[in-house]
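Please model the complete structure; the sequences and the hints are all you need to start from.
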Amino acid sequence: MKKENKFLAEKISYFFFSLFLISFTFPIRKVLYENNSFITGLFSEYLTIFFEISEFFIIPAFIFFAFSKKSLKIKNSVSFLLILFLLSSLIGVFFAKSQIIAYFGTLKLIEIIFIGIFIAISNYSKEKIAKIFLLIALFQGIIGVFQFIGGHDIGLGLIGEQPMDLKNAGSPKLIVNNELYLRATGTFLHPNIFACFLVITFFLAKNIKNSLRHLKWLLLVPLALTFSRIGFVAFLSGILIERKNTRKVLIGIILLIGIILIIPEARELVISRLHLNNSLTERLKLAKISVGMMYLFPWGVGIKNFILNMPAMETWLYQPVHNIFLLIGNENGSLAGLIFLVIFYLAYKNNETKSLLITIFIFGLFDHFLITIHAGMVILALVLGLCFRQTKKDIFENKIKKMVKKFVSR
1416 MKKENKFLAE KISYFFFSLF LISFTFPIRK VLYENNSFIT GLFSEYLTIF FEISEFFIIP
1476 AFIFFAFSKK SLKIKNSVSF LLILFLLSSL IGVFFAKSQI IAYFGTLKLI EIIFIGIFIA
1536 ISNYSKEKIA KIFLLIALFQ GIIGVFQFIG GHDIGLGLIG EQPMDLKNAG SPKLIVNNEL
1596 YLRATGTFLH PNIFACFLVI TFFLAKNIKN SLRHLKWLLL VPLALTFSRI GFVAFLSGIL
1656 IERKNTRKVL IGIILLIGII LIIPEARELV ISRLHLNNSL TERLKLAKIS VGMMYLFPWG
1716 VGIKNFILNM PAMETWLYQP VHNIFLLIGN ENGSLAGLIF LVIFYLAYKN NETKSLLITI
1776 FIFGLFDHFL ITIHAGMVIL ALVLGLCFRQ TKKDIFENKI KKMVKKFVSR
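My numbering numbers the first residue of the sequence shown as 1416 and each following residue consecutively.
Heads up, some of the hints might be wrong.
[Claimed, not checked] Result set (DSS-like, lysine-lysine): computed pairs, CA atoms no more than 27 Å apart in a straight line:
{"id": "1", "residue 1": "K1621", "residue 2": "K1543"}
{"id": "2", "residue 1": "K1624", "residue 2": "K1426"}
{"id": "3", "residue 1": "K1764", "residue 2": "K1541"}
{"id": "4", "residue 1": "K1512", "residue 2": "K1700"}
{"id": "5", "residue 1": "K1588", "residue 2": "K1700"}
{"id": "6", "residue 1": "K1543", "residue 2": "K1764"}
{"id": "7", "residue 1": "K1543", "residue 2": "K1624"}
{"id": "8", "residue 1": "K1769", "residue 2": "K1543"}
{"id": "9", "residue 1": "K1426", "residue 2": "K1621"}
These aren't lab readings, by the way, just hints derived from the structure by calculation. All values reported here derive from a predicted model rather than from experimental measurement.
Okay, here's the thing in structure tokens:
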């Protein structure tokens, strides 16, 4: 293929990838398989197979990317680990109670791995990713604020907003002094996913070179209205690990907390979230089940098959363990779980992305959406892809090595 055609293929690929980044936060999808969706007595998102609208854009992005010439390559050690991770994950498929769901989960895993590789080896601008995320986050933030104020969804079902109402038992809400408050969710499927997206966007914004990056501070309003405990911990941890203007930021946060404590209604809302209620008990119970399952099935039960292997219990408790490291060990197998931990460790060694990775790590410790929900999986792939992207220093060193090698060969 001519150089001009390869350049055009690269541009088209990046165009479709931009559309993918714009659309993945809007859960507009088509149900492909729902035979197991109600097997627990309630509808299970986890046991349902969907085709997401954003996947319509990622397919041509990959195809055109394959025809474009790339100058950057992912590290050989990471490539080997990814292949080994995928191959070890396939073992559990043969032991899955629902092989259809396991096969779909494997295809989804391949898709997510490709997204991570695309981010790692392409020249797609990190600043462009940050700008798209920031603009979408601001739009999602406006939706979230109005959801909290109105106590119901704002009628944006066409772009994936879920039906929500204070009277609906399934809606994410808080009860404080017999008063109900709806948690900000945007068009995401849960406030925690929304919170994760907001925190990731906040730290990505540092890559924006113009004054637009300062708009990231507006994201703290919808983040507060998600009332996501994990989100607050992840945000503070990311701030501390960056070690840039930490003192000023912490002073600002302390002042904000002080203002909140002065306002009675806000104070009661915050205090209500400090009580773990049954949340910790549920997580510990699921973790115990997870450890027992890993002992019985060290090779894995098959991707998306965790619930189908749970013992009999209350209907509402049928959900994946709220820890991505345990869940990968259960579904993909113990070997795949160990490989994932190694990949995570290698990603952590990249100093430029520590705030992003600590966010993912904290959410991954206490929730499962990063490997069970489409939007969460994309966020995970994007962060890990950025961690393994070569820095300018790496590129410069590689060029020097090539020059030395050519000189020596002469």
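Worksheet item: Out of the numbered hints, which ones does the structure contradict?
Response: Violated hints: none; all satisfied.
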